[in-house]
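Asker: What follows is the residue order along each chain.
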Amino acid sequence: MELAQSFVEQPLYKRLKPSDWLYAVLVLVAAGQAWRLYNPFMDGYEQAILAGSAIGLVALGWFWKSWRWFFPLSAGVALLGISLYHGQLARAQTAFWLKFLLSSQSAIMWMCTLFFLATLVYWAGLLTRSAMLSRMGSGLTWAAAVMGAAGLFVRWYESYLIGSDVGHIPVSNLYEVFILFTLITALMYLYYEARFATRQAGAFVLLVISAAVGFILWYSFDRQAHEIQPLIPALQSWWMKIHVPANFVGYGAFAMSAMLGVAELLVLKGVLKDRLPSAEVLDEMMYKAISIGFLFFTIATILGAMWAADAWGGYWSWDPKETWALIVWLNYAAWLHIRLVKGWRGEPLAWWAVIGLLVTTFAFLGVNMYLTGLHSYGGL
Amino acid sequence: MTKNSRNTTLYKLYELFSSMRFAIGLLTILAIASIIGTVLKQNEPYPNYAFEFGQYWFAVFEQLGLYDVYHSGWFLTILAFLVLSTTLCILRNGPGFIKDMKAYREKASDNSLAAIRHSVELPADKVDPDALRAYLRGQGWRWREHQREDGSLVLAAKKGAASKLGYFFAHIALVVICIGGLMDGNLPLKLAEMVGSVVPETRDIPQSQIPAQSRLSTANLSFRGNVTIAEGKSGDVVFLNAGNGYLVQELPFTVSLKKFYVDYYSNGMPKLFASDIVVTDKATGKVTEAQVKVNHPLIVDGVAIYQASFGDGGSPLSLKAWNLDAPQMQPVDIKGISMGSQPLRANGKDYNLEFGELRVFNIENMSGKSDDAAGKSLSQRMQDAREVKHEKQLKNIGPSISFKLRDKQGQAVEFHHYMAPIQQDGASYLVAGVRSKVSDPFQYLRLPLDDKLSLERFMRLRSAFMNPALYDEIAQRTTAKAMQGSAISPAMQQQFAGSVKWILARFAQGGFVALEQFLDEKVPQDKRQAVAQTYVKILQGAVVDVMDVADAKAGLPPASADSQHYRFLLDSLVGISALHDYQAPVLLQLQGFDQVQASGLQLTRSPGKNLVYLGSLMLVIGIILMFYVREVRLWLRCGTASVRLAMSSNRHNRDLDEDFRRRSEAIQQLVRGK
Ligand code: HEM
Chain A
1 MELAQSFVEQ PLYKRLKPSD WLYAVLVLVA AGQAWRLYNP FMDGYEQAIL AGSAIGLVAL
61 GWFWKSWRWF FPLSAGVALL GISLYHGQLA RAQTAFWLKF LLSSQSAIMW MCTLFFLATL
121 VYWAGLLTRS AMLSRMGSGL TWAAAVMGAA GLFVRWYESY LIGSDVGHIP VSNLYEVFIL
181 FTLITALMYL YYEARFATRQ AGAFVLLVIS AAVGFILWYS FDRQAHEIQP LIPALQSWWM
241 KIHVPANFVG YGAFAMSAML GVAELLVLKG VLKDRLPSAE VLDEMMYKAI SIGFLFFTIA
301 TILGAMWAAD AWGGYWSWDP KETWALIVWL NYAAWLHIRL VKGWRGEPLA WWAVIGLLVT
361 TFAFLGVNMY LTGLHSYGGL
Chain B
1 MTKNSRNTTL YKLYELFSSM RFAIGLLTIL AIASIIGTVL KQNEPYPNYA FEFGQYWFAV
61 FEQLGLYDVY HSGWFLTILA FLVLSTTLCI LRNGPGFIKD MKAYREKASD NSLAAIRHSV
121 ELPADKVDPD ALRAYLRGQG WRWREHQRED GSLVLAAKKG AASKLGYFFA HIALVVICIG
181 GLMDGNLPLK LAEMVGSVVP ETRDIPQSQI PAQSRLSTAN LSFRGNVTIA EGKSGDVVFL
241 NAGNGYLVQE LPFTVSLKKF YVDYYSNGMP KLFASDIVVT DKATGKVTEA QVKVNHPLIV
301 DGVAIYQASF GDGGSPLSLK AWNLDAPQMQ PVDIKGISMG SQPLRANGKD YNLEFGELRV
361 FNIENMSGKS DDAAGKSLSQ RMQDAREVKH EKQLKNIGPS ISFKLRDKQG QAVEFHHYMA
421 PIQQDGASYL VAGVRSKVSD PFQYLRLPLD DKLSLERFMR LRSAFMNPAL YDEIAQRTTA
481 KAMQGSAISP AMQQQFAGSV KWILARFAQG GFVALEQFLD EKVPQDKRQA VAQTYVKILQ
541 GAVVDVMDVA DAKAGLPPAS ADSQHYRFLL DSLVGISALH DYQAPVLLQL QGFDQVQASG
601 LQLTRSPGKN LVYLGSLMLV IGIILMFYVR EVRLWLRCGT ASVRLAMSSN RHNRDLDEDF
661 RRRSEAIQQL VRGK
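From first to last, the protein sequence lines are chains A and B. Under the UniProt record's numbering, the residue at position 249 of the first sequence is numbered 249, and the numbers go up by one with no gaps. Under the UniProt record's numbering, the residue at position 653 of the second sequence is numbered 653, and the numbers go up by one with no gaps.
Simulated from the structure, these hints should not be mistaken for lab results. Model, not experiment: these values are computed from the prediction. One thing to keep in mind: the hints can contain errors.
[As the list claims (entries may be wrong)] Computed list of lysine-lysine pairs in PhoX-like fashion (alpha-carbon distance at most 20 Å, straight line):
(1) A/Lys241 / B/Lys293
(2) A/Lys99 / B/Lys389
(3) B/Lys99 / B/Lys158
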């Protein structure tokens, strides 16, 4: 009997460690401080979003232990940067630490560099079968993610330094969401990397992140897209704060699944077979990624529809971006059916996931480049 | 179901429609159809399509409904089939799933338990069912027991039955969403159009004259239409797009626009669009006042009112008309209303003057250099990449008006004029754009303004150029000056005066282009350069005299001979020359206006919206249940000296392997009795 008792599954709150509680208190204190400072400037929805974010962050930290240091660290780096501004944007070009590390653009350039390095190191680790190099790859990816998250936080602050009517959350244009995309993709990958105890797939996932980083660099050096612009009326809505991030969890997951698909295809063809994880593991990671992506993409599309109802007068207008979101969604719905209902595995689904990335990329970028519509994310 | 009924066509159809194969096929077709709609711009005016595709393909595409794919019959049919297919799928799988949800399968035979992939026979010292029950309870399993005849006991447990519930949620959700969408779609309207009880209006006629067959009553359940209301005016209908035409939807209330606001950021981007509106119910007279903004609609009577666009609501304008064909005439004042049209008679010819939009703000980047990085050095780019804010010299260059001048033959030339003087390098200009094709960019001309910021002096100069009666006097003065500066010899005097007159005449006739033409035709190529320079020199000298003569004729003192004025004269030469391409008998100079704005409102009634939202919620719940609740079954068959543990899950994945390993260890410990 006593033995049986010892197998009793403990409820969640009993399984939490002091460090979990410490983290939760930290997040709640921070949220409380944000509330105290900014409450007068927020409407009811934004207050709800703040409260929801606090709860979500606590939950995420409890669910994924690495988050418990990642988030406070990024926030700390961002706060350090913010404290150096003394309320003057111009200090970004004069104060040493801001100029070379902590201003949003510097932090983002560091993020870009670290992602490139991580890609190289992951590949080196894969090709030389060096566990140490692969571990370094993870470390660099983590570092890049910290800089990226801190950069976005600082950018948020900087936008208010430009003008109190200009300030807004940095998810309002293609440049900003690309950073978000690399960040989310990297974090999701790091989660699965730990979960499946395999680092070799990083070489592939980091490729798509590097491509996005290449785009970010081109976009800011050639097009000066990094400039903070105020929000046009259509984007002045609290919906943006939840619709856009939800979408990018979806895009990030789909991008990751495609790269895992590439890895799986290679393994099935016998390329790098003895260096990469087994096809089954890759297959399962791919499935996990697509299912979380599908969930978030569904939520994002629904939120988008609700936003559209407020902004454009109808929850569905067959605007090209909307329509392409539907196409992406249908694509992955079909993928999931084939896998879960028909029981397909392996090569065809891997190919399909790879092609899915093309569809997703078109929805994400191509629509802005080639089609016009109501979405104001701006063309290239 | 009997063998016979399974062979009927109906049953075969049922099987087909409820099959995954069919559903996936539908999803694919739906996706492809949707792509067409995003590639081909939807709901454009029909002539645009005809222009793009040519008559033949235009007609074919029209037949296929490609100009409004998402409302075409075939697209709606696909959607309807998807609803049907999903419904049948639920009906087909549902009963089985429900049975499965309820069942524990405690009667499973030894053979089938052994055949399960995760199954193991554990040797036991002492089988204590109570310990196993306690284990199951502690782990949160629900189970059923079955005492077999052979004395063994089967505990059949399961977890996560909600996973199957997810299937119901997600798939019923799709049906609910589609029904909501169809309620808000224009299916009834399409049907009415097909039987001919509703006919879209294609003419551009006043709203009150639109016949009843193109009007929809307030009883119409769902609509989405637009109306533009000027400040101080009101509207009680909206216009719905219907293929090549439009329909008029009556509203249960009247919307009046008190004021429209538009606000800009310092960089010229729009910051706020808002309308103060008053909604008065027709039946009850109830009045609702509110401000609608983008992202903040007003909902009255189930109709949501959105800020959709804005424009010019017809602003009274005052203009000065300079007669270009009779330059000696004084300008006349005329009145007009933007967005309106009026007849204009000039020099005996009749025109129609069609005003376009009055734009009060025109914000331009005055820094001169373009924003693209092509010409920048790497270090400059690095520097730029570090800053999130770039200084731009943005300037509001003031109001502008566009208008068309249409002649008797229906040919129109379009103009775009700025009202305020535009400063460039210390001088002021009137800037006027002209084009004769909508697809062309405007060609802008700069007419220099005098010290009083008026066009008068320029026009006086031009008038003198156009007046051959003055040429003698001008030539005389120019020649005299040339003699004084000993640029010419006395012997050449006569010939020089002749040249001056000839150049004046030629320039007055066709500007620099006319002179160039002459050079091209009559002067050998090797001499052209030199002759052209001479001409320009003469012209630049003569223009001073033209101005002096013109001023003298008007009884005005001559202008001081400073560089400022000389520059004015040179700019005037360019302006006079450019006016030859202006293609209009009059130059209309905007003098003042009284801005009346209009607000474009979109009004929608969408009774299906709540269904769609309900369906969406169900969909999310369903997906979470399906993906993240794992249905797991576990069997313990307790024999005398062994216990068989078997586990199965609706999804095979590595989670189950791990789970199974952990549980077999636990059970093994339990039955070992230690
Ligand atoms: C737009 C249409 C549809 C969408 C987006 C959709 C979505 C989904 C999703 C996301 C799953 C999850 C996969 C799983 O966890 O099993 C699923 C499962 C399933 N779907 Fe659909 N579905 C659609 C239409 C249909 C249709 C028409 C059928 C009928 C043939 C169907 C049959 C099934 C079945 C049998 C399952 C497996 C349920 C289970 O075993 O738990 N679906 N569907």
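Asker: All hints, please: hold or fail.
Answerer: Going down the list of hints, with the structure as the test:
Of the pairs offered as hints, the one joining lysine 241 of chain A and lysine 293 of chain B holds, with about 19 Å between alpha carbons and a cut-off of 20 Å not exceeded. Between lysine 99 of chain A and lysine 389 of chain B, the direct Cα distance comes to roughly 14 Å. Compliance with the 20 Å bound is thereby established for this hinted pair. Under the criterion of a C-alpha separation no larger than 20 Å, the hint pairing lysine 99 of chain B with lysine 158 of chain B is consistent with the structure, at around 14 Å.
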